[in-house]
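Colleague: For the protein sequence lines, the chains are A and B, in the order given. For the first sequence, my numbering begins at 18 and goes up steadily by one. For the second sequence, my numbering begins at 1304 and goes up steadily by one.
Take these hints with a grain of salt, some might be off.
[As the list claims (entries may be wrong)] Here are the in silico distance ranges between beta carbons for each label pair:
no. : chain 1 : residue 1 : chain 2 : residue 2 : range
1   : B       : Thr-1422  : A       : Gly-39    : 47 to 53 Å
2   : A       : Arg-24    : B       : Lys-1469  : 49 to 55 Å
3   : A       : Phe-116   : B       : Thr-1370  : 21 to 27 Å
Please keep in mind that the hints were generated in silico from the structure rather than gathered at the bench. Values in this document were obtained by computation on a predicted structure and should not be read as measured data. Note that CB positions come from ideal geometry on N, CA and C, so glycine has one too.
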Amino acid sequence: MLTELDRNYWVVGPVVNMAAAGNANAVAAYRVSNSALQNGVKSFKVKKMMIRDNGTGGTFVNVGIGAAGAVVNVMPTFQTVTAMDNEWTEVEIPDYEFFGDMMVYPNAVGASTLDIQVTVEEIG
Amino acid sequence: MQDLMLRAYKASIAMEPIALRDYYVKIITYQQEFFRKVTFYEILPPFQGVNVGALGAGVQSAKTQITNLDLWDNEFGQWRWYPLDNVQVRLFLPSGVGKWQLKNLQVPLDRSILYRDPTLVTTEFFSWEDQRPSVECLNFTDYALLASRIVFTGYRFHTENVTADKLAQLKNGTQVYTPVQCSGMAGGGD
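The following block holds chain B by itself, in its conformation from the complex (with noise of 0.2 Å):
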């Protein structure tokens, strides 16, 4: 099991589960850490999760929650995604918190990604419940664009409380578990 824990950031494979069932992951969210037991999992197809709508050209829309990500408790996603129209996109996670922050750049997708990445490894995040990610979207181009659309594709995972004693092995290493990382993470410090 231990290989799961990198297996996402692999280059160039396709998509696969970051867990299967009965295994233990630890869910890190931007102000928490804890542990749950993975109970069932299942595929989403890839399926246009949001249209952030018209861009007139050289326009950046508002930030937008991607409200279609949201799962029901106790449960988190694994995400892959591309835009659909000729959009330049930032993804933040939770809103408040930019994902893919450089010191100088937060990293943008656009459908470039659809050549450089065809199996979209790059673009995996995980969400935690209804803790949803929110985009920007600009239009880089020109001229005007009728709509931004995003597709995504991924899995959804239920998840339970760990035992007791199970807890006891997870925190003290006898216990493999996978972690997954559940939002952005802020930069700063030497």
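Extracted from the complex, chain A is given alone in its bound form (with noise of 0.2 Å):
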């Protein structure tokens, strides 16, 4: 069972802006620790997220890695609810290793935006 020892530090990330749809403009929701003169590669796991849906009517979001335009899915995409705050935990997420840029899309907006925010555990 994982204890408070076992976790590595966390750290919240931007609020960052879902402006449009699709792959081709996928935004980093966290990036990845990576100066030049660090020690050591980093990485990060999210454990939690909050979207809020600003009005697209509803949509799903994408969380992958790669650059806008071929991000790649690294877990099931996530339902929103229009005008909603939309919560996920540590307990409801996937537990996957993010060694690049978290990339982030909706499909569609309709006439609004979402936000994204996530807060993610630092390994390294």
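Mind docking these for me? Both chains are given alone in their own frames, and the hints should help you get the complex.
Modeller: So, in structure tokens, the structure goes:
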């Protein structure tokens, strides 16, 4: 069983707006720490995720890795309810370890947008 | 008392003073070695010793002296520490000498130390009087940090000179003492 001592430190990412739908418009919800001066390789796992659907009519948000336009999903899509706060925590999010930026994009935005913010556990 | 000479480097133990009252220590600084007798010590609860300040993404700070670790004359400190903010920290003691220096790497410390080494035993170092350490903080993340704070805890020990006859015993090996390395060590040689 995971104890507090087994956990690495948690970091809160920025609020990121998803203004346009489609893989080509993917944005980074969290960027991996990767300074050229650092010692070691850093990675992270998503522990909390909040998506505010500002009024898209409801959509699915893809989470993956890779450059915008070539993002490969690393977990199932997350369905949002329009005009609602949509929240997932550790037990609901797959334990995928990101070695690159966490890229996100919605399938549709209607005439609106979505905001996403994640809390991650940095490893390494 | 012999066991005290190794105690600071045993794994995963809570912090204990390296010497007790009336114990003899050999202070080893970068340039000098001398014997002292501990007259008293006191514990120092965890405190914020330095804030190197805000750092942009990927920025490394200037080398910053930790003046708050300065001690009075005739005193040495025993320290364990960890960064509060998401930085990698390199330690220098004194400022011109890297601490934890390998041949190809100066080992840094970041917040992962709190789960890898919860007692912080591997962060332990010693300082003599105001021969203070310095740190460089690297913001290895992709976001700006508003502060680079470091927390210290430990002990301060007050010492006095040893008498001439006791000094002779310390030097000829008939009086046990605890060596206290109060600086980094330059590498080199075969």
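Colleague: Name the hints, by number, that the structure is in violation of.
Modeller: Going through the list in order, the structure violates hint 3 alone and respects the others.
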